[in-house]
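Asks: Add chain H to chain Z, keeping to what the hints say.
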Amino acid sequence: MTTVSRSVGPLLEIQGLKTHFFTQDGTVRAVDGVSFQIGHAKTLGVVGESGCGKSITSLSVMRLIERPGKIVEGSIKLNGEDLLDKSDEEMRDIRGDQVSMIFQEPMTSLNPVFTCGEQISEAVQQHTAASRREGMDRAVEMLSLVGIPDAKRRAREYPHQLSGGMRQRVMIAMALSTDPDLLIADEPTTALDVTIQAQILELMRDLREKNRMAIMLITHDLGVVAEMVDEVVVMYAGKVVERGDVRTIFGNPHHPYTQGLLHSIPRLDERVDRLEVIKGTVPSPYNLPTGCLFKRRCPFRMPICDVAPPMRQIGEEHTSRCWLTPAGEAPEVGADPTPEEAEAAGEQLTVEPR
Amino acid sequence: MTTQPTATDMTGSETSSGQTSAERTVARGGVAAAPLLAVDDLVKHFEIRGGLMGISKLGAVRAVDGVSFTVTEGETLGLVGESGCGKTTLGKVILRLIPPTSGSVTFEGKPLFELNSRELKAARRDIQVVFQDPYASLNPRMSVGEIVGEGLYVHGMTNKREREAAVRDLLKRVGLNQQHIHRYPHEFSGGQRQRIGIARALALRPKFIVCDEPVSALDVSVQSQVLNLLSDLQDEFQLTYLFIAHNLAVVRHLSSRVGVMYLGKLAELAEADDLYENPRHPYTKALLSAIPIPDPTVRRERIVLKGDLPSPANPPSGCRFHTRCPMAQEICKVEEPPLRDIGGGHLSACHFAEDVTPLKERRAS
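Taken in sequence, the protein lines are chains Z and H. Here this note's numbering is used: position 246 in the first sequence is 247, and no number is missing along the way. Here this note's numbering is used: position 104 in the second sequence is 892, and no number is missing along the way.
Simulated from the structure, these hints should not be mistaken for laboratory data. One should not assume that every hint holds.
Below, simulated DSS-like cross-link-like pairs (lysine-lysine); rule was C-alpha separation at most 27 angstroms, straight line [what the hints assert, rightly or not]:
#: 1; chain 1: H; residue 1: Lys909; chain 2: H; residue 2: Lys948
#: 2; chain 1: Z; residue 1: Lys153; chain 2: H; residue 2: Lys1094
#: 3; chain 1: Z; residue 1: Lys87; chain 2: Z; residue 2: Lys71
#: 4; chain 1: Z; residue 1: Lys19; chain 2: Z; residue 2: Lys87
#: 5; chain 1: Z; residue 1: Lys280; chain 2: H; residue 2: Lys960
#: 6; chain 1: H; residue 1: Lys880; chain 2: H; residue 2: Lys898
#: 7; chain 1: Z; residue 1: Lys71; chain 2: Z; residue 2: Lys19
#: 8; chain 1: Z; residue 1: Lys78; chain 2: Z; residue 2: Lys211
#: 9; chain 1: Z; residue 1: Lys211; chain 2: H; residue 2: Lys1094
Excised from the complex, chain Z in its bound form (with noise of 0.2 angstroms):
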């Protein structure tokens, strides 16, 4: 069913995507005009801390956005299609056939009431013509896939006799048993243990290959990207400040912010006395910064800074949201803004380092 329309384009085309939240406080723009690609059996990351919009970009995809959110501009095709043109019922057929996601917590999104195979099963049903014998079949068969063993006994069991990794084996099973041509992964390892968390990714890459599926790897861990990605999105508060190549993102970061994430992590196999640090904490995003959303906190801050930035070509297929030129110096020669300036700008609660 998925290779009707594997033409040209991309699988996923992301364009001025906009999801605000109107809560009591004011309007969060948790995502503000995201535009990214994933090619046909990629593996996109898409990197950044809590609350830059990482999540809720994917769940938009989804269209699983609920109020008071709402996608307010901008447009998500998916093999050529328009998803925020679709009705309630034509995304409830493309959820699972074309586009499967799973959750950090297997344990909240898994069903307690019914068992692992039901679960798996009424997917299934959900999307082919398939008996409810020949989804318990499917079920069992996708268990076994993703490395359970003895998946007809597990099959029959429920979410809570089952540990971390194997749920999050049963939401992996679930998410391919009707074949997606995308798989959106949201930090699918972050609540495992390191060794659980080995086999897992070893098992995702391996059904990338077998299925030839695109994978949204959404994570907050560098190492994580580094293994698994051939693209990176690295987001901020709402917006992409970086773009490109998963080797040009590591070798050559562009943009402070990523150069500042890639520093500040402790490494294995590097020693150092004093890790670097970015100043400051992410703003609230009730009171964003004008111009660019990074200034409070970049090292390389500039008047001109003061100016949103749009993104910017650095290199070939490597866009940055930032004003410094492609080798990383100020475009221009200016003032940077005076202390009195630089205090006014500050956040009430910033972290001074000592």
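Replies: Frame of chain Z; chain H shown alone:
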């Protein structure tokens, strides 16, 4: 070189002045290798009860099952392991937050489990803790000043003005705005709350701090700020840390020695660099290999362990790791390997420790 760390320099209300901390620094300057804390064959079992009336004993979860190590003054001992390995329970028993099943913990020569309540209260000034979850470990109904100052009050600083001055000083030292003394925890971000937790731990000028996953709830950019703060404070106050975490990279960054736990026991204990470059236990090696390196050009040998962690209520016979170990032999099923020194103070609990090879790594072109 004979200066001894004594408990007497902790008396009085020195907490408000920076001078005393300087004095203490001098007093401790000459002390190098005295073990500050010694844990000996510590066991903590949680009974599983059930049956009619819920009183029959069905078994026990062997959370900590015979762990021994020492912590030297001024060092950071890291403790890593996956969930369920007993690392947090171990920390809680050392703090005497939960009673041990057997074994002993000696702090500055004093047996912690035998102290009466007055002696224990005095010892607790020297032993403090920073918890994992900065959202759950601060009382939402208390202001920052009350939270950080509570220990000072309990230990005799009853003068309100004096206490407030001490708290302001602490806030400054952990990088918080002193103006925020009257704010409540919900007004702070995760990283700032963790700083409040650290200020609280520092208030009584302790010698030893148990840090239980202090940065795992924080975002990457904030995590590095808190890690740097912890190492600055260690220098400033001559602190000794027991640093418990599941993130091996974070532990390596901060620790001088690292212990690896598996199912309630120490699998390996060695100098940090030695352990990471030369693991001598197959579990440590698998754990290290499982961590993704944030560099797409490096490909490391990956050892994928089969199966899940066995239940600590019913650990495997012999070596506890044998059910998942790629090197397991017959002997591993029957005989439990002791934690032994395989040279240079490198301890490993493996029958074949000498045969464990370093991880292979290569650069992808």
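Asks: Against this structure, judge whether each hint is valid.
Replies: Checked hints:
1. Between the alpha carbons of H/Lys909 and H/Lys948 the distance comes to roughly 21 angstroms, so the proposed pair stays at or under 27 angstroms and holds.
2. Between Z/Lys153 and H/Lys1094 the alpha-carbon distance is near 19 angstroms, which keeps this suggested pair within the 27 angstroms criterion.
3. Restraint check for Z/Lys87 and Z/Lys71: satisfied, since their Cα atoms lie roughly 15 angstroms apart, inside the 27 angstroms limit.
4. Distance restraint check for Z/Lys19 and Z/Lys87: the Cα-Cα separation of roughly 17 angstroms lies within the 27 angstroms cut-off, and the hinted pair is therefore satisfied.
5. Using a Cα cut-off of 27 angstroms, the hinted pair Z/Lys280 and H/Lys960 holds, with the two alpha carbons roughly 16 angstroms apart.
6. For the hint pairing H/Lys880 with H/Lys898, the CA-to-CA distance comes to about 18 angstroms; that is within 27 angstroms, so the pair holds.
7. Among the hinted pairs, Z/Lys71 with Z/Lys19 is consistent with the structure: their alpha-carbon atoms are about 8 angstroms apart, no more than 27 angstroms.
8. Simply put, Z/Lys78 and Z/Lys211 have alpha-carbon atoms about 24 angstroms apart, close enough for the 27 angstroms limit, and the pair holds.
9. Using a Cα cut-off of 27 angstroms, the hinted pair Z/Lys211 and H/Lys1094 holds, with the two alpha carbons roughly 21 angstroms apart.
Violation of the numbered hints given earlier is absent; every hint is satisfied by the structure.
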